[in-house]
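I would like the entire structure built from these sequences, with the hints used as guidance.
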Amino acid sequence: FRSAEDIGKFPDTNVAEAFNRIPGMTISRENDGTGVRVAIRGLDTNHVKITLNGTDVQTPTSGQTGAQGTNREVDLNIFPIELFSKLSVSKTSTADQLEGGSAGVIEMRSNRPFDNPGTHFSYNMQMTDFARNGTPGERGTLMGSYTDGPFGVLVGISGQVNRITVKAYEGASNNVTTPNLNNVMYYGTQANPTPTQTCATTTIAEPGLTATTTGNTCNTMGGNTDWNPPAVVPNTGVPAQYVGKVLTSDILTALNPGLSIDQISNAMVPRTGGPGYETGDRDRYNAIVSLEYRPTDALHFYLDGILGVIGNHLDRSRVFFIARSGASIPMNMKVDANNVVTYADFANGALQEENRPYKESADFMSVNPGMDWQITDKLHVDAQVNGSRGHFFRDSPTYLFSTVSGIVHYDNTSGIPDITMSGLTGIGGTNDPTNWGYGNGAALRLAQERRYEYTEGAHANASYGGDVLKLTVGAAYDEKYRSIVGYDNGSAWSDYACGAGLNIAGTPTIAPTPNSTTTCTLPTPGRPAYAGYGTGYTSGWGTLTSAGPALPNSAIAQYGHASNFGMVRWDYAALNKATDYTYFATTPSNGAAA
1 FRSAEDIGKF PDTNVAEAFN RIPGMTISRE NDGTGVRVAI RGLDTNHVKI TLNGTDVQTP
61 TSGQTGAQGT NREVDLNIFP IELFSKLSVS KTSTADQLEG GSAGVIEMRS NRPFDNPGTH
121 FSYNMQMTDF ARNGTPGERG TLMGSYTDGP FGVLVGISGQ VNRITVKAYE GASNNVTTPN
181 LNNVMYYGTQ ANPTPTQTCA TTTIAEPGLT ATTTGNTCNT MGGNTDWNPP AVVPNTGVPA
241 QYVGKVLTSD ILTALNPGLS IDQISNAMVP RTGGPGYETG DRDRYNAIVS LEYRPTDALH
301 FYLDGILGVI GNHLDRSRVF FIARSGASIP MNMKVDANNV VTYADFANGA LQEENRPYKE
361 SADFMSVNPG MDWQITDKLH VDAQVNGSRG HFFRDSPTYL FSTVSGIVHY DNTSGIPDIT
421 MSGLTGIGGT NDPTNWGYGN GAALRLAQER RYEYTEGAHA NASYGGDVLK LTVGAAYDEK
481 YRSIVGYDNG SAWSDYACGA GLNIAGTPTI APTPNSTTTC TLPTPGRPAY AGYGTGYTSG
541 WGTLTSAGPA LPNSAIAQYG HASNFGMVRW DYAALNKATD YTYFATTPSN GAAA
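Each step along the sequence shown adds one to the number in our numbering, with nothing skipped, and position 211 is 211.
Each hint should be verified, as a subset may be incorrect.
What the hints assert, rightly or not - The following label-pair restraints were derived from C-beta to C-beta distances:
1) 484 x 159: 38 to 48 Å
2) 414 x 361: 36 to 46 Å
3) 124 x 293: 20 to 30 Å
Claimed, not checked - Quick list of in silico lysine-lysine cross-link-like pairs, DSS-like style, CA-CA up to 30 Å:
4) 91 x 359
5) 359 x 167
6) 91 x 378
7) 577 x 91
8) 167 x 577
9) 470 x 378
10) 245 x 334
11) 86 x 470
12) 470 x 91
13) 359 x 480
14) 378 x 167
15) 86 x 378
16) 480 x 86
I should point out that these hints are in silico values taken from the structure, not numbers from a laboratory. Each residue gets a CB set at the ideal place from its N, CA and C atoms; glycine is no exception.
Printed below as a string of structure tokens:
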């Protein structure tokens, strides 16, 4: 249990961070350290029942940046600590609490005028330098309360602007991949390029059965195998004597002295791990109104209202070695006792820079009138009704650019992989916009999400008894609703911005799937084919010609500039204008999905 006096002793910026100070409670945090969700006794956050002023509550936001939040989780970062007078945690439920918290029940009670009778005015102002770059954010609260006889009113506002900069290595420790050697002549040599044993064709006798099944002698440790070395060695960093030859196990072992083909097949690297940064503003604004009427010491009426608004404008980027869905060939590779790669030179490798500007907005409003009445010394009744509404919107396009193929140097001897690449032009390599473009899995993606939630309910309780024995009965009605709608018009946007584009009788035209391309390609003769063109939606459209990309590969570099993060920062407003992003983000097509 924490009172307003206890809460005020700590510099917590929201309710989640205050709960983290209670034994047995942990919280999940944003990548800038801001508390978001609460867990009790090690159980997941969706096992916690959270009430606001005695009523059921759910928030429309989706958790940490990039998270899903489609269960019963409640994001508490929308509630500033200054507007609350009581926070309590019950690890064992009682009869008068709303059901649903297998881990425990959290109760939040906002400020009310009779918490501190009389006339009061308070304010506080703080500055917080999340970025440590000399441009701190601001935080402040104004609150006034007044009581006169049985009447009381309290009004408060709170605002917070956080300017954040986070630099980190991104990539979960268990999110790894190993090479899929199905295309490689496993146990094969140039002298015997058609071996009797390969990854996918080894015949294994099942114990106790006469039948056989096809087993896999590669990747015996299990896990992802979406790293796909090519079947024929390309001229992208491998010594010249191997170029154009079938990639066999003797070539792989020759390129990686000291390792067996089994160790090579089980070599683990992060699928998309690499350095990244996030910078921008996280803003939150709140208001509270509370009315109370106490005609007698035994009878109490109240009305609580609370409003929260969130606005996030973030730039999140990272550079990573293309291991997932990559086609690199390891050379000079070293592994530890667990077959984790500690060093390697990856020929036919490439880097990607994933750039995602986030624009997020959310609002939440809750109102709950109620009463409680101590009718006699032993008889007490209370009742209330409640309602809340919440909205959330996220717009997060992705500009995913790649380098050309070459040798990627991977050094994991210090515990955090250091990734560089030979042959990149300019000073800084990955910090030079001329090194980034299409090919090697580059893509443009359009993703939006809208959420709408509401709760409504009515509760009544009656109790009779004293300190030794008390009987409590109650009735409750609660309804919770959530709508999550995703919008993805990325195929049409990608086709227009970086694909071949359609041109019908001289007019640039957008075709929905499947008559569109979905990846950003380098200029090649003939351009990508359009599956099913001239049938279905495109029936009768006439002769197809290529309009060419609205954002050609040669024009990409002009929209970027070097940064002090070691990677390129991009002018998203100019990129959006060049690719007509607003049109595709607001225009439905067959490429849209809800």
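Checked hints:
| no. | hint | verdict |
| --- | --- | --- |
| 1 | 484 x 159: 38 to 48 Å | 28 Å, violated |
| 2 | 414 x 361: 36 to 46 Å | 40 Å, holds |
| 3 | 124 x 293: 20 to 30 Å | 29 Å, holds |
| 4 | 91 x 359 | 37 Å, violated |
| 5 | 359 x 167 | 20 Å, holds |
| 6 | 91 x 378 | 27 Å, holds |
| 7 | 577 x 91 | 53 Å, violated |
| 8 | 167 x 577 | 28 Å, holds |
| 9 | 470 x 378 | 9 Å, holds |
| 10 | 245 x 334 | 24 Å, holds |
| 11 | 86 x 470 | 24 Å, holds |
| 12 | 470 x 91 | 21 Å, holds |
| 13 | 359 x 480 | 27 Å, holds |
| 14 | 378 x 167 | 60 Å, violated |
| 15 | 86 x 378 | 25 Å, holds |
| 16 | 480 x 86 | 24 Å, holds |
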